[in-house]
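Protein chains: 2
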Amino acid sequence: MNNDAIKTPLRIEADYLIETAIDPMQAAEIMAGEQSSGTFRAVPGETPELKARAGARVERLVALGPVDAPSLPGGTKGTSWTRAEMTLSWPLDNIGPSLPNLIATIAGNLFELKPFSGVRLLDVRLPAAFAQQYSGPKFGMAGTRNLSGVYDRPLVGTIIKPSVGLSAQETGTLVSQLCDSGIDFIKDDELQADGPACPFEDRVRAVMAAVDRAADKTGRKAMVAFNLTGEIDEMRTRHDLVSDLGGTCVMVSLNAVGMSGVVELARHTTLPIHAHRCGWGALTRDPMLGWSYPAWSKLWRLAGADHMHVNGLDNKFSEANESVIASAQSLSDPLFADAPMRAVPVFSSGQTVRQAAGTLAATGSPDLIVTAGGGVVAHPDGIESGVMAMRQAWDAAMQGVDIAVYAKDHAALASALKAY
Amino acid sequence: MNNDAIKTPLRIEADYLIETAIDPMQAAEIMAGEQSSGTFRAVPGETPELKARAGARVERLVALGPVDAPSLPGGTKGTSWTRAEMTLSWPLDNIGPSLPNLIATIAGNLFELKPFSGVRLLDVRLPAAFAQQYSGPKFGMAGTRNLSGVYDRPLVGTIIKPSVGLSAQETGTLVSQLCDSGIDFIKDDELQADGPACPFEDRVRAVMAAVDRAADKTGRKAMVAFNLTGEIDEMRTRHDLVSDLGGTCVMVSLNAVGMSGVVELARHTTLPIHAHRCGWGALTRDPMLGWSYPAWSKLWRLAGADHMHVNGLDNKFSEANESVIASAQSLSDPLFADAPMRAVPVFSSGQTVRQAAGTLAATGSPDLIVTAGGGVVAHPDGIESGVMAMRQAWDAAMQGVDIAVYAKDHAALASALKAY
Numbered sequence: 126m127n128n129d130a131i132k133t134p135l136r137i138e139a140d141y142l143i144e145t146a147i148d149p150m151q152a153a154e155i156m157a158g159e160q161s162s163g164t165f166r167a168v169p170g171e172t173p174e175l176k177a178r179a180g181a182r183v184e185r186l187v188a189l190g191p192v193d194a195p196s197l198p199g200g201t202k203g204t205s206w207t208r209a210e211m212t213l214s215w216p217l218d219n220i221g222p223s224l225p226n227l228i229a230t231i232a233g234n235l236f237e238l239k240p241f242s243g244v245r246l247l248d249v250r251l252p253a254a255f256a257q258q259y260s261g262p263k264f265g266m267a268g269t270r271n272l273s274g275v276y277d278r279p280l281v282g283t284i285i286k287p288s289v290g291l292s293a294q295e296t297g298t299l300v301s302q303l304c305d306s307g308i309d310f311i312k313d314d315e316l317q318a319d320g321p322a323c324p325f326e327d328r329v330r331a332v333m334a335a336v337d338r339a340a341d342k343t344g345r346k347a348m349v350a351f352n353l354t355g356e357i358d359e360m361r362t363r364h365d366l367v368s369d370l371g372g373t374c375v376m377v378s379l380n381a382v383g384m385s386g387v388v389e390l391a392r393h394t395t396l397p398i399h400a401h402r403c404g405w406g407a408l409t410r411d412p413m414l415g416w417s418y419p420a421w422s423k424l425w426r427l428a429g430a431d432h433m434h435v436n437g438l439d440n441k442f443s444e445a446n447e448s449v450i451a452s453a454q455s456l457s458d459p460l461f462a463d464a465p466m467r468a469v470p471v472f473s474s475g476q477t478v479r480q481a482a483g484t485l486a487a488t489g490s491p492d493l494i495v496t497a498g499g500g501v502v503a504h505p506d507g508i509e510s511g512v513m514a515m516r517q518a519w520d521a522a523m524q525g526v527d528i529a530v531y532a533k534d535h536a537a538l539a540s541a542l543k544a545y
Numbered sequence: 126m127n128n129d130a131i132k133t134p135l136r137i138e139a140d141y142l143i144e145t146a147i148d149p150m151q152a153a154e155i156m157a158g159e160q161s162s163g164t165f166r167a168v169p170g171e172t173p174e175l176k177a178r179a180g181a182r183v184e185r186l187v188a189l190g191p192v193d194a195p196s197l198p199g200g201t202k203g204t205s206w207t208r209a210e211m212t213l214s215w216p217l218d219n220i221g222p223s224l225p226n227l228i229a230t231i232a233g234n235l236f237e238l239k240p241f242s243g244v245r246l247l248d249v250r251l252p253a254a255f256a257q258q259y260s261g262p263k264f265g266m267a268g269t270r271n272l273s274g275v276y277d278r279p280l281v282g283t284i285i286k287p288s289v290g291l292s293a294q295e296t297g298t299l300v301s302q303l304c305d306s307g308i309d310f311i312k313d314d315e316l317q318a319d320g321p322a323c324p325f326e327d328r329v330r331a332v333m334a335a336v337d338r339a340a341d342k343t344g345r346k347a348m349v350a351f352n353l354t355g356e357i358d359e360m361r362t363r364h365d366l367v368s369d370l371g372g373t374c375v376m377v378s379l380n381a382v383g384m385s386g387v388v389e390l391a392r393h394t395t396l397p398i399h400a401h402r403c404g405w406g407a408l409t410r411d412p413m414l415g416w417s418y419p420a421w422s423k424l425w426r427l428a429g430a431d432h433m434h435v436n437g438l439d440n441k442f443s444e445a446n447e448s449v450i451a452s453a454q455s456l457s458d459p460l461f462a463d464a465p466m467r468a469v470p471v472f473s474s475g476q477t478v479r480q481a482a483g484t485l486a487a488t489g490s491p492d493l494i495v496t497a498g499g500g501v502v503a504h505p506d507g508i509e510s511g512v513m514a515m516r517q518a519w520d521a522a523m524q525g526v527d528i529a530v531y532a533k534d535h536a537a538l539a540s541a542l543k544a545y
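So the protein lines, in turn, are chains A and B.
Residue numbers for the first sequence follow the numbering used here, beginning at 126 and rising by one.
Residue numbers for the second sequence follow the numbering used here, beginning at 126 and rising by one.
Extracted from the complex, chain A is given alone in its bound form (with noise of 0.2 Å):
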């Protein structure tokens, strides 16, 4: 998308997928009363001055057609349902640009209301005031590859494998090894963080001095994203210590530490932030309801993620491939005109070579991220040719080639085709 077609609204706004067994125009009025001045019933102090001032509106109403039944359960009694998009704005004097705040009123109390069978909140575009109070990604894409060294392709990575039960001494020798074999880019599992059988702090120097040592040999330091998810002086003791040690990247489970922690992390940090989602099926998988990816990536862009997890095409969990690539896709939609805050996607779950040339086919960008764990060290020849493999699959995909053909005489990549 280009920049100049990003309009800044005045007002807050954000849109929805509804489902309802009333008139819908009538249900999106009660969500905006609901969401703003109004209650269930009329109170002595909402004038038609203070509805004008503070109340949300309803933008705009598009009847998609009915459906038989009710998505969820509790909505209003009906024999029929009809689902629509709507689009509500705010004032920014409501609540000014704070980002907890925005959830609060664009995603609060509004999942369970009675007139819905169905709410989903698909997108939010934001005042010019949110674009000064938050900065977005410090590195994004261009930052990425400074810092990687990885130009002119994605960087591919793996991802620390088994996710949890190796020692700090045993993750850095199988970090060695990784660098050692070329790898771009390494990330902690989500499940791993400062338990008592691998401590970040052992880890990090562990894993550090297994970076170093490589660097010394290829001129090129490996990225590790080290998972830093904690409270908030644990975050932040955590990145300083990653900073200290000439790390590159650290990694945070949005989810689990929330947006005030996030935001707290973005300012403080001097790395880039590699957001992994976890926990997102439980926001999203159900179609009518909760959050559409491009609305909740944008917040999230906004506090300062630089690389955003998409899952990947033919990933080992139930989201669509279609999903997948609106989910990348959306990451490069400019936040503001003048303030893009695109994020990198990172495109993991059950990756391997297979999916280059059609993850590329979807991005139109080598501007991404890949991380295979089982893809890469699991490879039948070893973890060296896992790398080879995935870089070679790259490689054929930028240049057009079938991998197949491509296989021919590249053998990492034709062991690989034969085992995944």
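Warning: the hint list may mix true and false statements.
No copy labels: a pair is met if it fits in one copy or bridges any two.
[What the hints assert, rightly or not] Result set (SDA-like, lysine to any residue): computed pairs, CA atoms no more than 20 Å apart in a straight line:
{"#": "1", "residue 1": "K342", "residue 2": "S457"}
{"#": "2", "residue 1": "K263", "residue 2": "Y276"}
{"#": "3", "residue 1": "K132", "residue 2": "R278"}
{"#": "4", "residue 1": "K202", "residue 2": "N446"}
{"#": "5", "residue 1": "K543", "residue 2": "A529"}
{"#": "6", "residue 1": "K263", "residue 2": "D463"}
{"#": "7", "residue 1": "K533", "residue 2": "A544"}
{"#": "8", "residue 1": "K176", "residue 2": "T298"}
{"#": "9", "residue 1": "K132", "residue 2": "E326"}
{"#": "10", "residue 1": "K543", "residue 2": "V168"}
{"#": "11", "residue 1": "K202", "residue 2": "S448"}
{"#": "12", "residue 1": "K176", "residue 2": "Q294"}
{"#": "13", "residue 1": "K176", "residue 2": "S292"}
{"#": "14", "residue 1": "K543", "residue 2": "Q258"}
{"#": "15", "residue 1": "K543", "residue 2": "P169"}
{"#": "16", "residue 1": "K132", "residue 2": "F461"}
{"#": "17", "residue 1": "K342", "residue 2": "G371"}
{"#": "18", "residue 1": "K533", "residue 2": "T212"}
{"#": "19", "residue 1": "K342", "residue 2": "A256"}
{"#": "20", "residue 1": "K342", "residue 2": "R361"}
{"#": "21", "residue 1": "K533", "residue 2": "Y545"}
{"#": "22", "residue 1": "K543", "residue 2": "D365"}
{"#": "23", "residue 1": "K342", "residue 2": "L366"}
These aren't lab readings, by the way, just hints derived from the structure by calculation.
Since we're looking at a predicted model, the values are computed, not measured.
Start from chain A and add chain B according to the hints.
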């Protein structure tokens, strides 16, 4: 529940409701693998010793019977689907007693797993180390009674209405009226925090002046829950302002701030935390996805929430009364045998005089807060009658007198019964 009934586990335990097209035990094992040492294929380092040490375990599986169609899209294809309840356990050593990392573990990358067409977290039990790391509610019911001076009956409260749109001075004027009417408890709406139209500091100063003026007359200070939802430093500053001005409660929107932010606030606070659950519907409204209230609220109780919203009987939302009752009752279930960490249930949403008897019957105790917005301020005879009617309704309930009988010589209640 008797405290003695609580068995504190050595491992982290979580119960799930699942639905799957494959063998439920196989599905359960896949979830255990994904949420610990496994990935989609065997990796070199996942030895039997490592699995035994770090792997999640299926502790229990109870089949509940078949269903005709999958509840959620994207799961493994099949011809029949089985529901089951299952329990997973994890060694504490994987993550240590960390609430954010607990969330990433028990409610992380599992809602999207392909073998499942339904995954809902039902309950959680935690090793004693969590009770050492987190101290739970600092005030609970006893502290709330001491600060508000209300004993042996529920705190009768209201919400500032209109929710948004009043200036700080207008809010102060409304609070004056409410205090003069004998209200016990007042809360900001979750949509009102620190917007330019009603800045937090101005509002707290105006409201506390009103509270103090009334207390000079009546000898009792209404408890006001000021919504300090925001970023970390903002919440600390706002808390300190409330405390400095003699306020006795702060309110935070849990889902908007997130766990790390709420933990930080809880460590800092010298006042009860009134915990708002706005956004909760997205996590719970699909009965085969997300979180149950008992599991979700346990984590916030551990973090330090004193007052937990549970919706209300006959509410304006889509939640059934049985669910509301189960939620309220769960807040009394002890988290640990020697650290019950009980939270105060807050009943709200469309509450009027009509729900008093039913609510008391459900909780079996007057240890609760009830907040009525329109149910107080929209009373036809004015706010004073609105407060009086709510008090009378609860007096009747606690005396076991039918509300219609009690209304015969209680005019405010009689009037409320006509209006609501």
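Which holds for K202 with N446 at a C-alpha limit of 20 Å: within a copy, between copies, both or neither?
-> Result: close only across copies, 16 Å inter versus 35 Å intra.
20 Å Cα threshold - placement of Y545 relative to K533 = So K533 and Y545 pass the 20 Å test inside one copy only (16 Å; across, 79 Å).
20 Å Cα threshold - placement of A544 relative to K533 = For K533 and A544, the Cα distance is within 20 Å only inside one copy (15 Å; across copies 82 Å).
Within, between, both or neither: K543, A529 at alpha-carbon 20 Å = Only inside one copy: K543 and A529 sit 11 Å apart there, 79 Å across copies, limit 20 Å.
Check K202 against S448 for me: Cα-Cα at most 20 Å, and say if that holds within a copy, between copies, both or neither.
-> between (32 Å within a copy, 18 Å between copies)
Should K543 paired with D365 be assigned to within, between, both, or neither, using CA atoms and 20 Å as the limit?
-> neither (43 Å within a copy, 64 Å between copies)
Should K132 paired with R278 be assigned to within, between, both, or neither, using CA atoms and 20 Å as the limit?
-> neither (32 Å within a copy, 54 Å between copies)
Could you place K263 and Y276 in one of the four classes (within, between, both, neither) given a Cα distance threshold of 20 Å?
-> Result: close within a single copy only, 18 Å intra versus 53 Å inter.
Have a look at K342 and G371 and pick one of within, between, both or neither, based on CA distance no larger than 20 Å.
-> The answer is within: 16 Å in one copy meets 20 Å, while 63 Å across copies does not.
Intra- versus inter-subunit Cα pairing at 20 Å for K533 with T212 | neither (53 Å within a copy, 48 Å between copies)
Within, between, both or neither: K342, S457 at alpha-carbon 20 Å | Cα proximity of K342 and S457: none, with 36 Å in one copy and 60 Å across.
With 20 Å as the alpha-carbon cut-off, assign the pair K543 and Q258 to within, between, both or neither.
-> neither (51 Å within a copy, 49 Å between copies)
Comparing the model with each earlier hint shows violations of hints 1, 3, 9, 14, 18, 19, 20, 22 and 23; every other hint is respected.
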